[in-house]
Amino acid sequence: MKSIQVSAEVRSSYGKNAARQLRCQGRIPAVLYGRRETALSLSVDPKDLLAILHSAAGHNTIFSLDVKDQGTTSVMLKEWQLDPIKETLLHADFLRIAMDNALQISVPVLPVGVATGVKDQGGVFEFVLRQLEVECLPADIPEHITADISHLGIGSNLRVADLSVDSKVKVLSDLDLVVAHVVAPKEEETEVAAEEAVAPGLGEEEEPEVIRKGKAESEAGEV
Numbered sequence: 002m003k004s005i006q007v008s009a010e011v012r013s014s015y016g017k018n019a020a021r022q023l024r025c026q027g028r029i030p031a032v033l034y035g036r037r038e039t040a041l042s043l044s045v046d047p048k049d050l051l052a053i054l055h056s057a058a059g060h061n062t063i064f065s066l067d068v069k070d071q072g073t074t075s076v077m078l079k080e081w082q083l084d085p086i087k088e089t090l091l092h093a094d095f096l097r098i099a100m101d102n103a104l105q106i107s108v109p110v111l112p113v114g115v116a117t118g119v120k121d122q123g124g125v126f127e128f129v130l131r132q133l134e135v136e137c138l139p140a141d142i143p144e145h146i147t148a149d150i151s152h153l154g155i156g157s158n159l160r161v162a163d164l165s166v167d168s169k170v171k172v173l174s175d176l177d178l179v180v181a182h183v184v185a186p187k188e189e190e191t192e193v194a195a196e197e198a199v200a201p202g203l204g205e206e207e208e209p210e211v212i213r214k215g216k217a218e219s220e221a222g223e224v
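Its first residue numbered 2, the sequence shown is counted upward by one per residue in this note's numbering.
Keep in mind the hints are simulated off the structure, nothing from the lab. Since we're looking at a predicted model, the values are computed, not measured. All C-beta atoms in this analysis are idealised placements derived from N, C-alpha and C, irrespective of residue type, glycine included. Errors might be hidden in some of the hints.
[To be verified] Here are the simulated DSS-like pairs of lysine-lysine, each with C-alpha atoms no more than 30 Å apart in a straight line:
#1 K120 <-> K169
#2 K69 <-> K17
#3 K187 <-> K171
#4 K187 <-> K120
#5 K48 <-> K69
#6 K48 <-> K79
#7 K171 <-> K79
#8 K79 <-> K120
#9 K17 <-> K87
#10 K87 <-> K48
#11 K169 <-> K79
[Stated by the list, open to error] Derived Cβ-Cβ restraints for the label pairs, each shown as a range:
#12 D149 <-> Q26: 45 to 51 Å
#13 E127 <-> K48: 16 to 22 Å
#14 G16 <-> D141: 23 to 29 Å
#15 D149 <-> S8: 14 to 20 Å
#16 A19 <-> D149: 33 to 39 Å
#17 E144 <-> V179: 39 to 45 Å
#18 S8 <-> G156: 53 to 59 Å
#19 S75 <-> L178: 16 to 22 Å
#20 L83 <-> Q26: 14 to 20 Å
#21 N18 <-> K69: 21 to 27 Å
#22 K69 <-> E127: 48 to 54 Å
#23 D101 <-> Q6: 17 to 23 Å
#24 H55 <-> D167: 22 to 28 Å
Using the sequences plus the hints, can you model the full thing?
Below, the structure is given as structure tokens:
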């Protein structure tokens, strides 16, 4: 596991104004908690955290947080807030990590290969389950779980139980959950829908007119 270190400082001012001023200085507010220790209000450089979030392990990365005058501790990003427009970091929460205690986390599932049902049969691949819930020690957290989909034909699927997972990692997700499958293209349904769109309900409108006409002719004959 690559060693990553992020520097932080304890902050003493709180509230929206203080947070706004902090962001103007190129830093963001953060909180460190966990392991039944006192929570600390911190400030950090958001660029360091964005680099972690964009790394291969993403938010599951275990790194060292060096708090000025407080020492260094192993942490991971637990929560973070992004500006919905600028997509810049606004706030972050760090969780203290004990390397000998197992964690329950979500790990991304990565499909590998090209399904036979797509390549040879013209089917459509559907990726259903993108995250897998697992439990393991911090040092054993996988960057992702590989899902080999090359053998999938039309009508077949890949379930959680079919995934190859390291013995050090315990899968918590339901083993019967479908991860991915290949379905037949819906060409016939599309053609029918297109034909109905040309003259919707035409037959239903014509029938009453025929009946009315017949009735009118009958009445005319009786007169």
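Hint check results:
Taking the CA atoms of K120 and K169, the gap is near 35 Å; set against the 30 Å cutoff, the hint is violated. For the proposed pair K69 and K17, the alpha carbon gap of about 23 Å is at most 30 Å, so the pair holds. Between K187 and K171 the CA atoms are separated by roughly 38 Å; this puts the pair beyond 30 Å, and the hint is violated. For a cut-off of 30 Å, the pair hint linking K187 to K120 stands: about 17 Å separates their Cα positions.
The hinted pair formed by K48 and K69 meets the criterion: a straight-line CA distance of about 18 Å does not exceed 30 Å. Annotation: proposed proximity of K48 to K79 holds, straight-line Cα distance about 17 Å (limit 30 Å). Proximity of K171 to K79 is assessed by CA-CA distance (about 20 Å); at most 30 Å being required, the pair is judged to hold. A hinted pair counts as satisfied when its Cα atoms are at most 30 Å apart, and K79 with K120 does not qualify at roughly 40 Å.
This hinted pair checks out: K17 and K87 have alpha carbons roughly 18 Å apart, not beyond 30 Å. Taking the CA atoms of K87 and K48, the gap is about 14 Å. The hint holds against a cut of 30 Å. Between K169 and K79 the CA atoms are separated by roughly 22 Å; this keeps the pair inside 30 Å, and the hint holds. Separation of D149 from Q26 is about 48 Å and conforms to the stated range, judged on CB atoms against 45 to 51 Å.
Taken as a hint, the range 16 to 22 Å is violated for the pair E127 and K48, whose Cβ atoms sit roughly 37 Å apart. About 40 Å separates the C-beta atoms of G16 and D141, a value inconsistent with the hinted range of 23 to 29 Å. Between D149 and S8 the beta carbon distance is about 41 Å. The supplied range of 14 to 20 Å is therefore violated. Distance hint for A19 and D149: a CB-CB separation of about 51 Å, inconsistent with the stated range 33 to 39 Å.
The beta-carbon spacing between E144 and V179, approximately 23 Å, falls outside the hinted interval of 39 to 45 Å. Range check, S8 to G156: Cβ separation about 54 Å, and the 53 to 59 Å hint holds. In this structure the hint that S75 and L178 lie 16 to 22 Å apart at CB is violated, the actual value being about 31 Å. A C-beta distance of roughly 19 Å is found between L83 and Q26, which places it inside the suggested range of 14 to 20 Å.
The supplied range of 21 to 27 Å is met by N18 and K69, whose beta-carbon atoms lie about 23 Å from each other. Here the CB-CB span from K69 to E127 is close to 50 Å, well matched to the stated 48 to 54 Å. Under the hint 17 to 23 Å, the C-beta atoms of D101 and Q6, about 21 Å apart, fit the expected range. In this structure the supplied range 22 to 28 Å holds for H55 paired with D167, their Cβ-Cβ distance being about 24 Å.
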